[in-house]
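Residue numbers (my numbering), protein chains in the order written: chain H, 172 to 452; chain A, 2 to 267; chain F, 27 to 416; chain D, 8 to 361; chain C, 8 to 361.
Calculated directly from the structure, the hints in this document are not laboratory data.
Negatives, chain D to chain H, calculated, CB over 10 angstroms:
#1 A71
#2 R238
#3 S240
#4 D259
#5 Q264
#6 P273
#7 T318
Footprint (simulated), chain F over chain A, 3 or more residues, beta carbon under 8 angstroms:
#8 28 to 42
#9 130 to 136
#10 225 to 232
Using N, Cα and C, we set each Cβ at its ideal position, and we do this for glycine too.
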Amino acid sequence: MTRSAAFGIAAAAIVASPVLLGVGYSVLASFGLAGVGATGFTTARVARVLGAAATWHALWWSASTALVATALAGIAAVLVGVVARRGRRIDRLTQLLSVLPLPIPHIVAAVVGVLLLAQSGLLARLAYAAGMIHTPAQMPVLVADRLGIGFTLTLAWKEFPFLALVTFSLLATRGVAMEEAARTLGADAWTALRRVTVPMLWRGLLPAMVVVFIVIAGSYEAATLLGPSNPLPLPTLTYDRYLDIDLTRRGDAYVLTMLGLALAAVGVTIHEWVRAWSERG
Amino acid sequence: MGNALSRGAVAFRVGLGAALLVSVAVPLLLLLVWSAGRAWFFPALVPSDFSGDAWALLGGSLGRAAATSTGIALVVGALSGALGFVVGRAIAQLRGWPRHVAAALAFLPIAAPSIALGTGAQYYFLRLGLGGSPLGVILAHTAPAAGLASLYFLGVFSVTDRRLEDEARTLGARPWQVLLRVTIPAFRRQIAEAIALGFLVSWSQVPLTLLVGGGLVRTLPLAVFSYIRAGQERYAAVGALLLIVPPMLVLGMAMVGTRRAAVIAA
Amino acid sequence: GRAAPPPSAAQLSALPWDSVVTRARGTTVTWLMWRGDPSINAYVDHWVAPRLLATYGITLHTVDAQGPGILNALVVEREARRIPGTADLLWINGETFANLRHEGLLYGPWAGRLPNAAYVDSASPIISRDFEQDPSGYESPWGRVQFALIYDTVRTPDPPRTVDALKQWILAHPGRFAYDRSFTGMTFLKTVMYALSGGVAPFQGGFRETAYDSGSARLFGWLDDVRPALWHSGNDYASDVAALHRMFANDEIDFSMSNNQNDVLTKVRQGILPATARPLLLRDGTIANAHYVGIAFNAPNPAGAMVVANFLLSPEAQFEKQKPAVWDDGTVLAVDRLPVLWRDRFDTLARDPRALPRDSLAKYARPEVAPRYQERLEADWERRVRQGHR
Amino acid sequence: MSATEPTPAALILDHLDVRFGDSLGLRDLSLEVAPRERLVVVGASGSGKTSLMRTIAGLTSAGAGRVLVRALDVTNLPPERRGVVYLHQTPVLFPHLSIFENVAFPLRVRRVPAAELRARVGAALDAVRLGALVQRHPHTLSGGQAHRVALARAMVARPHVLLLDEPLSGLDPELRMEVRGAILDAHRDQDAALVLVSHDLEEAGLLGHRVALLLDGRIAQVGTTQDIFARPSSAAIARFIGIANVLHGNVDNGVLQSSLGPLPAPPNAPQRGPVVIAFRTDALRLDEASAVRARVVRVHHGVDRTTVRVTLDHAEVDVRVDALCIPEVGDAVGVACDPRRLLVYADPGNDGHA
Amino acid sequence: MSATEPTPAALILDHLDVRFGDSLGLRDLSLEVAPRERLVVVGASGSGKTSLMRTIAGLTSAGAGRVLVRALDVTNLPPERRGVVYLHQTPVLFPHLSIFENVAFPLRVRRVPAAELRARVGAALDAVRLGALVQRHPHTLSGGQAHRVALARAMVARPHVLLLDEPLSGLDPELRMEVRGAILDAHRDQDAALVLVSHDLEEAGLLGHRVALLLDGRIAQVGTTQDIFARPSSAAIARFIGIANVLHGNVDNGVLQSSLGPLPAPPNAPQRGPVVIAFRTDALRLDEASAVRARVVRVHHGVDRTTVRVTLDHAEVDVRVDALCIPEVGDAVGVACDPRRLLVYADPGNDGHA
Ligand SMILES: Nc1ncnc2c1ncn2[C@@H]1O[C@H](COP(=O)(O)OP(=O)(O)OP(=O)(O)O)[C@@H](O)[C@H]1O
Ligand SMILES: Nc1ncnc2c1ncn2[C@@H]1O[C@H](COP(=O)(O)OP(=O)(O)OP(=O)(O)O)[C@@H](O)[C@H]1O
Ligand SMILES: [Mg+2]
Ligand SMILES: [Mg+2]
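Work out the full structure, taking the sequences as your base and the hints as a guide.
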């Protein structure tokens, strides 16, 4: 390894150091070597937590809702990107509107999600005013539901501006030339979109979508406010355990933390791989 | 390809524009009404009564929380911008596997769920005497913010080369003169963007503040979170508006501004 | 640099109270407390704090934290050997107290030497025992509350008043009843468990497995019976009582509940609950408990914390706190032992006409039992009900 | 279609106006390009070459006039229905498709059956000598290979007109040779008309049968490179094509007066009045016998010729010399002139040349 | 310092090794450049010209050997202390500074007092005829103006050595002329040695006093353009500098045998054995009287000359013809040769030429 490589990796490791330390502590605590009630090395806790169905349900819920939300946000971003890809006035306005909610924090998105989507939220009230429902119970369950529909929709909305921003910059740098090449090669407008512009966008968008997936899967505030009680989303479950009044169960949180970090590590690897692949375009 | 749009396409565009407008305006309006609405129950479309008590807290605890958040986020923005600049630049020089390893490391703090990051690292923060202090919270927020800034600058420096700096060196500038007189001013827009990113990461952070700050550092999102968990939606709505309106204004102005700058430059 | 180690409990108890007050002058006291209720916040920030500063020169710094968070903070601080720590005063009770005490995370004993401790209603088991544990001077009482259901007099003019009647009501009104999955919901479950077991008596005198087994079996049987008629068929549970309030206020369900019988009236004033919401006591008895303040083992300023705790116990502070417009939190003082002036004031304090009468409150009050019951109940409920394993 | 059958012109521009953004750019262009012909459009930077290509391709709409491709008026047709393929200066390959699929793209969108598609793609890739790379992806190609794939992809569409925008700019000399060869290879055996853009006349001569010069918003001259080099139709064009020497003079009574001394006016010169005289470095030669005296101020050695710059009255002109007898700087020399090699134009007015 | 005083060489490369990334690139380069001299380094793409410039400037560390600037060994000094300024191919102006501040940059970092700074910046901008633009910002400049600012900025630093990496590549012809003029203007009245990179020998001739040829990792030849063009020191160099025609032949008894027929061997030819013959297009001429017969296969019209390609036995050679009498493709012609214009080298072996 050259000197610059060593320096680069060391610099990145400094940025990553809280995570690396956290991984270390979580591993120690998971195996009974640190934390309250550290009993000396034991695999019992890890075995118990990883053996519990609730753990895997939590993981599955967090991963699957994140996947769907990411896909929805990505589809919307590509759609808006394609529609507003020319520099006309209305296109620029569309782009501005798409990107404007970018700085909305998860906590605010979640609050809005609750106020809007709950069975007695604004949507339900509009439905009532329109005579479509008479009691909140007639409204479909979107908040705290097992499928996480409200959570998924809210986070798709929250992350859409980020993906839209990436889409706009992709289109600005290489979109138009590609599309024109396809058109003069004989593709009509629709075919050029379908066979060239959209596939190219997907490719460029994929690394950003991996990021979005990881962020959604790790979201605590929104999952806590919008997620179901069964299964508990992984971040909520982790925090619940961490604050468990029963101190013997507190250490379980560290096993869940390890799981979350492992998920992150997988995400990072995929991201790095996808980014390298996408940059070759 | 200046062909006119078909009627269906126009309808679609108008619909899409309306949907986007709704997606921006409805949350803002909803929060605005909630922030003053009293006794607003299903199926009422508007509150039956209004109260400014939550807004009054702007001069009190919500105002203080906003000030704390602003201060912390500014420092985090600056710190992470500086760190990301150095790290992103160092990574951009690498090729082959070291580049992948370094980029992955920089991405780790963003990817790690903040709950996991917080629980794992809380012990060390306390150990260093940083738990419950603004400094601790700042450092904790800096981890994901610097990761983001590093990746951002990696992108920036992967497409620009070092020609500016090389040339400045041969024109007689020492390394620090190059940094101060060339690199930083030449990349000031990117630096400002990275600081803004870091600011936003800190500005929206809940779990890390909760865990490392132990409640002693009361930031705006934390206030919103605890109000919402206490069912005090009016107060939560005021906090939420404080959280989103200023950054949205800045973003909007920046977007319109760069467009104007681009028009002037062209 | 770190401050000099704070004085130990023994050192402080050797000092006369006046010296403690002198020591506290000009200091800051950090108080970990739940900050979720604007009424409570207003009382602490705008009534207590200015008087502390004026009278004792103490600056009060409040920090938002709840039981588990407080426990967690102190556990990690001790592991990280943080002495002195950050928190002085802690608002706690029940299992938080039990765990803190068990882990040796509390400073003390100190509560007995507060001048105002003389007025405490130590005859009431609800105050002198915190979940059946003797505070032993490690915490000082601050207020008392009693569990009550919340209903709407317009929607449910004739509400059920016993656990059995509640069951019938639930079965007759599917989807209109819910309880939350955190502290308040668990208190509700304990209330039901008492009622199904013929009262609190079987569970008193410390945790016993047999008592828990038979009680919880009855409880889970009851829950199994009503479950299909619960909100969302008993598949989802509100995450906390605030969510429950929101559902109740918006006509998603017909009952909410609270650990504080007067909470409903405060929330009505705040516009969070409808004007026609009222508290409802179950005649099988509802759990009453007191809440306390303790001092952290590593408190940087224990003397100041004691002065604050003493002030909180003072008749004027307790009186202000009990005003319906302020907080409506029950006093822990024995009113009949107070000086006449204060006794009169307490006796003539205008009560909210919608509040529950004092005598029925007293009549149906049931004490808490050992925290272990609640811990077991939480774990079993999570497994059997929330996750649906039978 | 064999080349001997009478075929309509591949491309006709009929009084076409080309817009630059919102303003009027090129005016009233008329031009015909035959099938199999290669026409090079040459103009200064910013003269509107790219805009013209885009207008022909239908990527920008025309201001006025018509574009006809094989007798069909395509002025209002979308790009994909014009039989015109436009290649950007830098090859734009689709990054998500393999080389094969890139080249197959025009056939796929035309729903060509699989067997025929394979055959035609194979042939097109063979024509640019890339048959071995079919399964590679664009990002693995060198610059020259990418150019060749783009060419193959364009040719496989069998366009009537292929537009190449500066295909050789920005390439280094070796790559330039490679791509130039690839263009000629790809165009061999094709009926397409090729319209290329260049700002280099040398290159234009190597690539095209004819050259169209864009100057001042119009097509200033169209002809073979030989025509244009031999007889640029105005002094402006002569300057533009880089004819090194320009002098001012006067014609009267069949005699051309200038710094070169009195000379018989060449046949194409105006009858009388002030003139501009343009000539290449080979119009003069050093000749001690000549009465026109000059002084050498500079010697320039090129690969294939040596020139000297001499002062002549107050003008400086470049004169080609034989590599075997080169004067020194400062030498006084005589300069003789062959009047047949002078290009003489009426002087449009004082335009700053001495 | 006046040019008449004895001054040490501006730049000396002393057995310098230049690295390409991590591998060894150029080996054992030795070279001297005098103050006020302009040296052009010419080499193929990838031959290491940029790497050499960066090594001289100190932006890349040398593999071995020394770099001396005005007798000072700078091999281990940082770039800013070498008295060497390096200019990239495309002008790199500091985007955040005005033109004035860009040019003032080298003086600001040297803490030159304000009055002197203003004077020197003004003079430098005047030297490149940009005095009027001082307050403009880089993004408002045309390409040629940006080049001129970069030059002014470099010269204001009064370097001993100024390195210009391909200053004229990628420019269109007009701009190229402008920038070439600016370089000569900026360098006038300066003591700096100029080292320029080019991959175009024509241009090298226009710019430099001497040319250094990089070939196969070494400096293959250093000399004036006249030297190199007149007498490239090997057949490889002759090919590299673009001498169009190369034939194989044989020398025996003072007679050169080749497709050009028997000719007297020129003085520099080897005594005997197989040879390579290189010659420019002006070494032959069309001559009906000649016994050497050829057929015209292609006519090429350049701006300043016309050449025809003829087949001669099995080889093809390019012959310059007079623009006034150009044969047609297919004509049979006679070809005459001036043996003094042939470059004859011993044949190093079969290298693929017919
Ligand atoms: N979309 C547009 N809006 C406004 N002006 C434009 C637009 N496109 C081109 N122009 C202008 O039209 C003129 C011609 O541009 P064009 O790109 O066609 O020139 P070109 O001959 O191709 O130049 P180059 O040799 O530099 O490629 C330029 O002055 C340019 O600034
Ligand atoms: N940092 C590096 N790492 C590895 N190889 C390098 C590096 N820099 C240059 N090279 C290699 O060194 C060789 C010389 O490169 P250099 O850029 O000096 O050539 P050049 O003569 O300037 O070419 P061009 O005319 O294309 O500019 C090339 O083969 C290049 O690939
Ligand atoms: Mg162009
Ligand atoms: Mg180079």
